[in-house]
Amino acid sequence: MSTISDYQNNSAVENVTQAIMAAKSHESYNILISLTEERALAKAREIDANPKKGKLAGIPFIAKDNFLAFGASTTAAAKLLETFEAPLQAAAIEKLEAEGAICIGKSNLDAFAHGGSTENSYFGPTKNAYDQSKVAGGSSGGSAVATALGIVPFALGTDTGGSIRQPASFNGVIGVKPTYGMVSRFGVVAMASGTDCIGCFTSTAEDAELVCSIIAGKDAKDMTTLEDYFVPTTIEQSLKIGIIKELMTDDVDQSVRDAVAAYADRMRAAGHTVEEVSLPIIKYSLAMYYIIVPAEISSNLARYDAVRYGTRAKNTKTLTELYGKSRHEGFMPENKRRIMIGSYVLSSGYYDAYYVQAQKARTLLIKAFNEQFSSFDVLLSPVAPTPAFSLGKNTTDPIKMYLEDAMTVPASLAGLPAISVPVGATSEGLPIGVQLIAKAKNDALLLAVAKSLEEKL
Amino acid sequence: MTQLSREDVRGLARLSGLVVSDDEVERLRTDIGAILTYVKQLDELDTSGVEPTYQVNNPTTVWRSDVVEASLSGDALVKMAPDSTQNQIKVPKVL
Numbered sequence: 001m002s003t004i005s006d007y008q009n010n011s012a013v014e015n016v017t018q019a020i021m022a023a024k025s026h027e028s029y030n031i032l033i034s035l036t037e038e039r040a041l042a043k044a045r046e047i048d049a050n051p052k053k054g055k056l057a058g059i060p061f062i063a064k065d066n067f068l069a070f071g072a073s074t075t076a077a078a079k080l081l082e083t084f085e086a087p088l089q090a091a092a093i094e095k096l097e098a099e100g101a102i103c104i105g106k107s108n109l110d111a112f113a114h115g116g117s118t119e120n121s122y123f124g125p126t127k128n129a130y131d132q133s134k135v136a137g138g139s140s141g142g143s144a145v146a147t148a149l150g151i152v153p154f155a156l157g158t159d160t161g162g163s164i165r166q167p168a169s170f171n172g173v174i175g176v177k178p179t180y181g182m183v184s185r186f187g188v189v190a191m192a193s194g195t196d197c198i199g200c201f202t203s204t205a206e207d208a209e210l211v212c213s214i215i216a217g218k219d220a221k222d223m224t225t226l227e228d229y230f231v232p233t234t235i236e237q238s239l240k241i242g243i244i245k246e247l248m249t250d251d252v253d254q255s256v257r258d259a260v261a262a263y264a265d266r267m268r269a270a271g272h273t274v275e276e277v278s279l280p281i282i283k284y285s286l287a288m289y290y291i292i293v294p295a296e297i298s299s300n301l302a303r304y305d306a307v308r309y310g311t312r313a314k315n316t317k318t319l320t321e322l323y324g325k326s327r328h329e330g331f332m333p334e335n336k337r338r339i340m341i342g343s344y345v346l347s348s349g350y351y352d353a354y355y356v357q358a359q360k361a362r363t364l365l366i367k368a369f370n371e372q373f374s375s376f377d378v379l380l381s382p383v384a385p386t387p388a389f390s391l392g393k394n395t396t397d398p399i400k401m402y403l404e405d406a407m408t409v410p411a412s413l414a415g416l417p418a419i420s421v422p423v424g425a426t427s428e429g430l431p432i433g434v435q436l437i438a439k440a441k442n443d444a445l446l447l448a449v450a451k452s453l454e455e456k457l
Numbered sequence: 001m002t003q004l005s006r007e008d009v010r011g012l013a014r015l016s017g018l019v020v021s022d023d024e025v026e027r028l029r030t031d032i033g034a035i036l037t038y039v040k041q042l043d044e045l046d047t048s049g050v051e052p053t054y055q056v057n058n059p060t061t062v063w064r065s066d067v068v069e070a071s072l073s074g075d076a077l078v079k080m081a082p083d084s085t086q087n088q089i090k091v092p093k094v095l
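Chains as they are written, first to last, in my numbering: chain A, 1 to 457; chain B, 1 to 95.
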C-alpha cells in the first residue's frame with residue numbers, strides 16, 4: 001500500500017510512470033478495464049511545468065469505470081457501453097484534477113455496479129489482493145485491489161448498498177461511503193439514485209480526509225447534493241459506541257466477529273465506552289433494499305436504448321427489436337434480473353404491496369437509527385458476514401450473493417455515512433474490516449475515530 | 001413462495017424492454033420467484049400510519065435563471081450514436 005505523502009516529493013511524470021508500470025505488472029489481478037496512459041502523461045507534464053501546485057499535484061489515482069472520464073472508454077463493465085467515449089467528465093474527477101490529481105485508469109466492477117464480487121463484469125472478475133483464488137468483493141472491486149496493491153494511493157468508487165465498504169474490507173483498505181448527498185454524482189453512471197454515493201479507497205484515514213475534503217460539496221447538476229460541510233476533525237473526548245447486536249449473530253463468521261471485538265477493545269483502551277445496541281428492524285433492511293434498488297435500477301437503466309450511444313445489436317428490423325436485442329446482448333444476466341424485479345415491484349397491482357411497503361419500512365429503519373444516535377456517537381458492526389469468499393462460490397444463487405450486502409445496506413437506506421476500516425486477518429491471511437456508522441453529516445467523525453485508533457497501533 | 005409462470009417472465013421482459021432467450025426464461029422464473037419470496041418478509045412489519053421515505057434528504061426544487069448556458073455540441077452528441085446519417089441519428093423504420 002502507498003500513501004499520498006509517498007508521492008509528494010516526486011515529479012508528476014515520475015509518479016504517473018511508476019503507477020502505470022505498477023498497474024501493468026499486476027495484470028493477472030484484472031484490476032483495470034483501461035489505462036489512460038497518454039492523457040495521464042500529458043497532464044503530468046503540464047503539472048510539472050506549472051509552478052502553481054494543487055493539494056494533490058501529481059498524485060495518480062484510479063476511478064471505477066462507471067465514472068465518465070476522458071482518455072479512455074467508460075464501460076460500466078458492460079458490453080453495452082464497451083466502446084462508449086464520454087463527452088464529459090464526472091464532477092468528482094473534475095474536482096480532483098483541479099487540485100492536480102491525475103487519473104491513470106478505469107477499474108473493473110460488476111456491470112453497472114450490480115453485484116458484490118466483481119464477478120458480474122463483462123471483462124471477467126478481479127482477483128483479491130491477498131489471494132487470487134478469492135473474490136475482490138464488489139462492486140468496486142478493481143478500485144479496492146488497486147489501492148491494496150499500492151498501484152495508486154487512492155481510488156474512487158461508488159457505493160449504493162456496500163460497493164465501497166465490502167471490497168475495502170476484503171482487501172484491507174479504508175473505504176468511505178459518505179452521507180447521501182455529500183458528493184455530486186454528476187457524470188457517474190446511475191444505479192439507484194436514492195442511495196447512490198461516491199466515495200474513496202485509501203490506505204490511511206488521513207488520506208481519505210484529504211480526498212473527501214476535495215470531492216465534497218454542492219453541485220447544481222446533482223440536486224441532492226448538500227452544502228459542503230466536510231471538515232476533518234480529531235477526537236478530543238470519550239465517545240459512546242454501540243455494537244449492533246443484530247449484525248453479530250451466529251450466522252456471521254467467527255473471524256469477523258473476532259475482528260469487531262478486537263476493534264471494540266481498541267476503542268475501550270482509547271477511553272471510549274462500548275455497549276451493545278439493538279435495532280430489531282435492521283434485519284429487514286436487505287428485503288427493503290432488494291425492492292427499492294431494483295425499482296430504481298429498472299427506471300435508471302431504461303435510458304440504455306442503443307440509439308443515442310452504446311453498442312447496437314446487428315440486423316434488427318424494428319425499433320422495438322433494436323431496443324430488446326441490444327439490451328439483451330449488452331446487459332449481464334444480473335442486470336436483467338434486477339431490471340425485471342424492478343418492473344415487477346413497480347407494476348400496477350404490486351406497487352403498494354412491494355414498493356410503497358419497502359419505503360414505509362425504510363422510514364421505520366431511519367427512526368430506529370435516529371433513536372440510537374440520540375445516545376450513541378458511532379455504531380460498530382461487521383462489514384460483511386464473511387471474509388473474501390472463493391471465486392464462483394456465490395454466482396449460482398443470487399440470494400446468497402445478496403446476503404453479502406446485509407450489513408452495509410442499512411446505512412445506505414438511511415443515507416448515513418459509513419466507513420470500512422481494516423482491523424485484522426483470518427488465519428489464512430485474508431483481511432477483515434469493521435464498519436463504523438454515524439449520524440448524517442458526521443463523516444469526519446468516523447474518519448477521526450479511524451485515524452485515532454490507527455495512530456495507536 | 002411467489003410463483004411466476006413462464007408467461008409472467010416474458011411479460012416482465014416486455015415491460016423491461018428486454019428480449020430473453022428460451023433457456024433464460026426458466027432460470028429467471030426461479031431466481032425472480034425466490035427473490036420476491038425473500039423480500040415479502042416485509043409483510044411482517046406493521047407500517048400502518050407510517051409515511052414512506054422516497055428521498056432521505058428532502059430535496060427541494062432547484063431554481064436557476066432562464067439563461068442559455070454552454071453545453072455539449074449537437075455534433076459531439078450525434079457522433080456518439082452507433083448509426084447516423086446527415087448529422088441525424090439513424091434507427092430502423094418506426095412506422
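Keep in mind the hints are simulated off the structure, nothing from the lab.
All values derive from a computational prediction rather than experimental measurement.
Mixed in with the good hints, there may be bad ones.
[What the hints assert, rightly or not] Distance condition first, Cα-Cα at most 30 Å in a straight line; then the derived BS3-like pairs of lysine-lysine: (1) LYS52/A / LYS221/A; (2) LYS441/A / LYS283/A; (3) LYS317/A / LYS40/B; (4) LYS245/A / LYS79/A; (5) LYS283/A / LYS90/B; (6) LYS90/B / LYS393/A; (7) LYS441/A / LYS367/A; (8) LYS325/A / LYS79/A; (9) LYS93/B / LYS325/A; (10) LYS283/A / LYS400/A; (11) LYS367/A / LYS40/B; (12) LYS79/B / LYS367/A; (13) LYS79/B / LYS325/A; (14) LYS93/B / LYS95/A; (15) LYS90/B / LYS317/A; (16) LYS245/A / LYS79/B; (17) LYS79/A / LYS79/B; (18) LYS40/B / LYS221/A; (19) LYS40/B / LYS314/A; (20) LYS400/A / LYS40/B; (21) LYS93/B / LYS317/A; (22) LYS218/A / LYS52/A; (23) LYS439/A / LYS40/B; (24) LYS79/B / LYS441/A; (25) LYS40/B / LYS283/A; (26) LYS79/B / LYS52/A; (27) LYS79/B / LYS314/A; (28) LYS79/A / LYS314/A.
[What the hints assert, rightly or not] Here are a few chain B residues that sit away from chain A, every Cβ distance over 10 Å (derived from the structure): (29) ARG6; (30) GLU51; (31) THR85.
[Stated by the list, open to error] So, partial list: chain B residues that the calculated Cβ filter (under 7 Å) puts toward chain A: (32) LEU18; (33) VAL67; (34) PRO82.
For each residue, glycine too, the CB sits at the ideal point set by N, CA and C.
Verification of the hints:
Of the supplied pair hints, the one linking LYS52/A and LYS221/A holds, its CA atoms being roughly 28 Å apart against a limit of 30 Å. Between the alpha carbons of LYS441/A and LYS283/A the distance comes to roughly 24 Å, so the proposed pair stays at or under 30 Å and holds. For the hint linking LYS317/A to LYS40/B, the alpha-carbon distance of about 40 Å lies beyond 30 Å, and the restraint is violated. With a C-alpha separation of about 42 Å, the suggested pair LYS245/A and LYS79/A falls outside the 30 Å cut-off, and the hint is violated.
Under the criterion of a C-alpha separation no larger than 30 Å, the hint pairing LYS283/A with LYS90/B is inconsistent with the structure, at around 50 Å. Our distance criterion of 30 Å between C-alpha atoms is broken by LYS90/B and LYS393/A, whose separation comes to about 44 Å. Under the criterion of a C-alpha separation no larger than 30 Å, the hint pairing LYS441/A with LYS367/A is consistent with the structure, at around 17 Å. About 13 Å separates the Cα atoms of LYS325/A and LYS79/A, which keeps this hinted pair within 30 Å; it holds.
Of the supplied pair hints, the one linking LYS93/B and LYS325/A holds, its CA atoms being roughly 16 Å apart against a limit of 30 Å. Pair hint LYS283/A plus LYS400/A holds up; C-alpha atoms about 15 Å apart against a cutoff of 30 Å. Annotation: proposed proximity of LYS367/A to LYS40/B holds, straight-line Cα distance about 21 Å (limit 30 Å). Between LYS79/B and LYS367/A the CA atoms are separated by roughly 49 Å; this puts the pair beyond 30 Å, and the hint is violated.
For the hint pairing LYS79/B with LYS325/A, the CA-to-CA distance comes to about 22 Å; that is within 30 Å, so the pair holds. In summary, the hint linking LYS93/B to LYS95/A is not supported, as the alpha carbons are separated by about 43 Å, beyond the 30 Å threshold. For a cut-off of 30 Å, the pair hint linking LYS90/B to LYS317/A stands: about 13 Å separates their Cα positions. Of the supplied pair hints, the one linking LYS245/A and LYS79/B is violated, its CA atoms being roughly 55 Å apart against a limit of 30 Å.
Of the supplied pair hints, the one linking LYS79/A and LYS79/B holds, its CA atoms being roughly 19 Å apart against a limit of 30 Å. Proximity of LYS40/B to LYS221/A is assessed by CA-CA distance (about 36 Å); at most 30 Å being required, the pair is judged violated. Between LYS40/B and LYS314/A, the direct Cα distance comes to roughly 40 Å. Violation of the 30 Å bound is thereby established for this hinted pair. With a C-alpha separation of about 17 Å, the suggested pair LYS400/A and LYS40/B falls inside the 30 Å cut-off, and the hint holds.
For the proposed pair LYS93/B and LYS317/A, the alpha carbon gap of about 7 Å is at most 30 Å, so the pair holds. Restraint check: the Cα-Cα separation between LYS218/A and LYS52/A comes to about 25 Å, which is no more than 30 Å; the hinted pair holds. Between the alpha carbons of LYS439/A and LYS40/B the distance comes to roughly 29 Å, so the proposed pair stays at or under 30 Å and holds. With a CA separation close to 41 Å, the supplied pair LYS79/B and LYS441/A exceeds the 30 Å bound.
For the suggested pair LYS40/B and LYS283/A, the alpha carbons sit about 13 Å apart, so the restraint of at most 30 Å is met. At most 30 Å may separate the alpha-carbon atoms for a hinted pair to count; LYS79/B and LYS52/A exceed this at roughly 36 Å. Using a Cα cut-off of 30 Å, the hinted pair LYS79/B and LYS314/A holds, with the two alpha carbons roughly 19 Å apart. Between LYS79/A and LYS314/A the CA atoms are separated by roughly 14 Å; this keeps the pair inside 30 Å, and the hint holds.
The non-interface label for ARG6/B is consistent with chain A: the shortest C-beta to C-beta separation is roughly 13 Å, beyond 10 Å. With a least beta-carbon separation of about 6 Å from chain A, GLU51/B fails to lie farther than 10 Å from that chain, contradicting its non-interface assignment. With a minimum CB-CB distance of about 14 Å to chain A, THR85/B clears the 10 Å threshold, and the non-interface call stands. Because the smallest distance between the Cβ of LEU18/B and any Cβ of chain A comes to about 5 Å, under 7 Å, the interface hint for this residue holds.
Among the interface hints, the one on VAL67/B is violated; its C-beta lies about 13 Å from the nearest C-beta in chain A, farther than the 7 Å criterion. Interface hint status for PRO82/B: upheld, as the beta-carbon distance to the closest one in chain A is roughly 4 Å, under 7 Å.
Hints 3, 4, 5, 6, 12, 14, 16, 18, 19, 24, 26, 30 and 33 from the earlier list are contradicted by this structure; the remaining hints agree with it.
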